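Colleague: Each chain is listed here by its residues.
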Amino acid sequence: MVAHDSIIPCSSPDQTPGHNNSRHWQLDQFGFIALLKLQQIFQPAFAVRFFNPCVAVCVLTFFLLLMWGVFAVQSATAQNLTIQGIVSTESTGQPLEGANMALQGISNDITDGAATDRGGYYRITGLEPGEYKISISFVGYVTYQDTISLGEYNLLTINISLEISNEELDEVIIAQKGGAAQLDDGIQRIRQIDLQRIPTPAAGGDLANYLQTLPSVVSAGDRGGQFFVRGGTPSQNLVLVDGTMMYRPFHIVGFFSAFPEDLVSGVDFHAGGFGARYHGRISSVLDVQMRDGNRQQFTGSVSMSPFQGGFLVEGPLKKGKTSFIGSFQNSLIEQTSPHFLEDRQPLKFGSQYLKVSYSGEYSRCSALTMHTYDRGRLDPDLTGSDLFRWTNFLFGGRCIFIPKTSPGLIELNSGYSYVNNAAGNPEQPERTANAQQSHVDLNLTRFLGDVRFDYGFFIRMKWFNYDLQEQYQLAQNDEEAIMGFGGYLETNIPWGEKLELYPGLVLSVYPWTFDPALEPRFRMTWNPRGTDAQELNASIGLYRQPIIGIGDDRDAGNPFTAWMVSPFGGAMMSSLHSVLGWQQQLGDGFHISAEGYYKKLKDLPVAVWSSIARFTTKLTLAEGKVYGSDLRLEYNRNQFYAYVGYGYSWTRYYSSQDNFNLWFGEPVQSYHPLHDRRHQVNGLISLSLGKYTASLNWQLGTGMPYTRHMGFDELINLQSLPDIRRQYGTPRIILDKPYRGRLPAFHRLDFSVERSLNLSMGVLDLTAGVINMYNRANLFYYDVYTQRRIDQLPFLPYLSVKLEAN
Amino acid sequence: MTMFPMNNRLGPWLLILLSLSLGLASCDNTIDPLQENDRYVFSIYGFLDVSVDTQWVRVMPIRDSLYLAPRPIDATVTLEHVGGGQPVTLEDSLFRYGMQAYAYNFWTDLEMIPGDTYRLEAMRSDGEYSSVMFTFPVDFPEPDVRILEHDVVDQIYIFGVQTLALVEVIYEVIDPSEPESEPRDRLAVSQIENAEGITNGFVVTVNPDEDALKLRLRVSNSSVRFKPVQVRVAAAGSDWPDFLNLEDEDLALPDVVSNVENGLGFVAPVMTKTAPYE
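Note that the protein sequences, when read in sequence, are chains A and B.
Just so you know, we're using our numbering here: the first sequence kicks off at 1 and counts up by one.
Just so you know, we're using our numbering here: the second sequence kicks off at 807 and counts up by one.
These are computed hints drawn from the structure, not numbers from a lab.
Model, not experiment: these values are computed from the prediction.
Each hint can be trusted.
Looking from chain A toward chain B, a few residues come up when the C-beta cut is under 8 Å (computed):
no., residue
1, Asn-659
2, Ile-716
3, Gln-787
For each residue, glycine too, the CB sits at the ideal point set by N, CA and C.
The shape of chain B in the complex, shown without the other chains:
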């Protein structure tokens, strides 16, 4: 057998290859997946309800990780009644959700005035801030529930509302095996899809039997009954998103549902009213 004549010449080539490889081994292999963020400072979420005493709003920095141990938030959150005086600073409060999740929720007991405009601002110590300006809806009468005795559906009339954010019927869950004195669970069924615009308001058609079918899927006990006991209605400002025509992917996009300047999120000014379902 003839030996391969290039054997002696192969050694240097192998050495060169190895040297090259070792050189390459030290090449940079780090990854920096974070794109520099100069657009969003904070995400701000929540609804401020002119009908309640205390307002809560979520303010969190846009951060480079999902799961981090809680650390102090570098944010000063203020609420200003536009044209109505000095801004007030909201109090922060750390909330934990499960093992790893946490969030800062800010609160104030500043009295809100229907129809007035406010500015909420979250500012970092370096001066970077996110803000949102919003206007509360004007006051409106309690919803008018009309139970139609000879019909399977009932109607709720809501007057004086331009934008309807929420309408829901609260059902009491009645378990025949439990004494009547026991507190009963309550479940809400949204009726927003059944709302139709009328002159100066909305009319909502409620079908308690259909709602009962939906509710039955949410409870484990098949022998319970559902009794409508209350109606809750929320009027919103004019920038309330058209949620019914937005899909989850669209909702998740940063700027699709957002009224926050230099930030993400949505702050909804609402006024809620409740009425007994009778």
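Just chain A, same shape as in the assembly:
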């Protein structure tokens, strides 16, 4: 049974040739375009031109009217017919990306086709009046076929919901976009199946655990919940949940996040060089699309493992139209760890989630809310003042409309996000930091001929308050708010059959805080044979970030982050990305991809180096340089999946600090920061044999930098001529130059085997596995004061159970 959601006739057309402005850039010594010059060109120029924020508002309004006018003229003059629509799943209404829409003329010889984008949207234009056979297909779903007649209307909207096929896939070569080695226009699409393959000590995969297998991503270990992407820091990553930003989505136990596989529909991961739609962060983007609930029937699941347990329920609120999905997850490791580990793990985390979705004739809306909680000590043996905790709360809503009058989409997105951080004594934390953000985004998709325009406008309101006591002298405690707005434009210009160009631009305005700034971006893909089997992708762009997240630069595992507006008055963090990649399909199911990148970082806040590591630290600015490459090989055929990824990364910061001259005799020091992991290897094998699925995952990461010390003494401040018989002094560590030591390499092998049992009440999934199969003592951190090393999890067998109701 195939649902034919709607065929909405209306009047509107298309067509006018786009135009392209080209500029010539100089190449620097690395062979990359020297876009850093743009930073100097654009910022001062616009700072002068838009000095008054009112002028910026006028420019945005003008921009909006101009775009509107262009499309209005284009709509009025176009002649050709267009078909558009959204393809989704019948059960949940979730958009299907990569579905094929094929169209063949009956009364003429026109044959055309299109694939749906990540929003499930497709569009075919340039048609003539007549009768057509249409076919919409997606692997694993029943193909939709129909005959339509074009003639009365210029625009026909056909929204289709596809039903899951009950037929077993036999010798299917998975054609869906996604997989570790298959980038789509430089973007990695992460699907549910990708999360499932990674052995995770729970009843299902998790995005946090999957990300650690990517060569671009460096994690601090199995505790802390921090990710570093291509030389960037965790606070430079943008995490979106259905369009709403989330500050701290990863749990304190590194396997888990707010995104278990059950809740995730798909994830777009941009390790760099992302388009103009994303702004406000300078390192990476993790755009998570959450799954809609089942709109046909009630269903649910209960799961439990030594690490966490929880349940999920979903079902229709109005059958076929409105659905909900809710989930509750809570950690159990604190209670269970004494039984299977030597030490009780003082770690607690949990998340609650609810999403309501509505699918209308030509609109789709959803609203979600999420709460997460994390609390724990990274050193299980310590008590007292070593506690970390953080809480996220967010809610957001999104509506997507297909306009009746012209091809394209309108998306309205609004939300609120809150995070609370605390560190120190559980009763009276020594450091606290809260951040809030509310946003309104309007995203529009329009077409001029074959050229696609994605553009939009955004408003951001951010509030911060923090009390850091004396840890950061430049920013001890404060409350501040910042308001910003802006717009973006990204175009997709097909250049013949093989080349696609994606020029884009972001304008952001933060009145009274930063000068208005432009961020030019450019991406391109080239398919030399006109198919996805080979693809060259390249991107270059400028990225800015108005807020900073400061943590303890000495310790990658320290999860405390204080968000604030840069305390350096007007210095917005910025980064220049250059990415060049190639991917190749070699035979059936075998993919290889290679990507190189180069980044220049500017105005990064870093902690001033001090010899008294535990009391005062000032902030100063640093510049950075990052380069590296990823190499991925992936084989996916039938029931077998194998993946090997290798990442090379080189990150260096350059910082000028007053005390460097006093300390080292040189005003500028360069160093590899703590997340500079040079080599990373990941290997994954997953095999399905009958009702069993076995997965084996191995990770290797070379040691991250740390600062060695020469010894200790007690510092006595003689300013008040104290009596040394009464005063002990302040313990002092005599440090070497920053980050000249390297920690030992990290490597770990995880294994899991899963078995599904069909019961009368549902399906029972049993998973048995082992974390750290060969019991490698991987260092988590070393306390130089107490000379204690804290290791990551040892050999750890587990058994998890999940019951899915029919």
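Could you slot chain B onto chain A? The hints should help.
Modeller: What follows is chain B alone, placed relative to chain A:
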């Protein structure tokens, strides 16, 4: 359903992977966070006051741990009057500070002479040593306190001092609820920021009312009064650090405030004088 044809070929690969992993498991995972230290032997802190009978100085080895149970110190500490005879050896004394902290303080009752130069040396049994050479300030007259009856501020004149290390007013804490015969607490308020250089010395402006406000934050009883009773002044040698313009981070850096050769720390030669605040 078609079974995967590579099953039989997978076993050897898994074995290879496991063998590799087990091999890797035995890889070195130790961490040696200590950088070899060939620059600093001892840290030496303290001030030697030419006005007092006994001198105390802290001498501790640079060590690889903060918290260690006390053990004998491998140090011989000597003080030599440069050009004035044989060095004398200081006596060691172990002090405990709280549960885990300890330190060795060395003392001598050698008479010091204002304006003269001395050399303090701490030597290990292997011959490695740290040392510091210092010169005491010359003698100077007692500070002259001038109480200005019609003004809210008073003045202290200090003559004959080139470098002023310390000037503080000692206040007596008067609790009206306690009998006058009871001994009273004393609190000091530094006045170094109020010192201005004049010909052959300094003038210091004291505002007892402002000081009382500062002192009130340091006591729990809000009904007490503060009465200035004494002035304490210390003159230092010419290498006295400019503490007022140094931040905590700078002070903590190993070589910023240090006059110790082959070591860390600071030894301040001073001469203190006190005068009644009247």
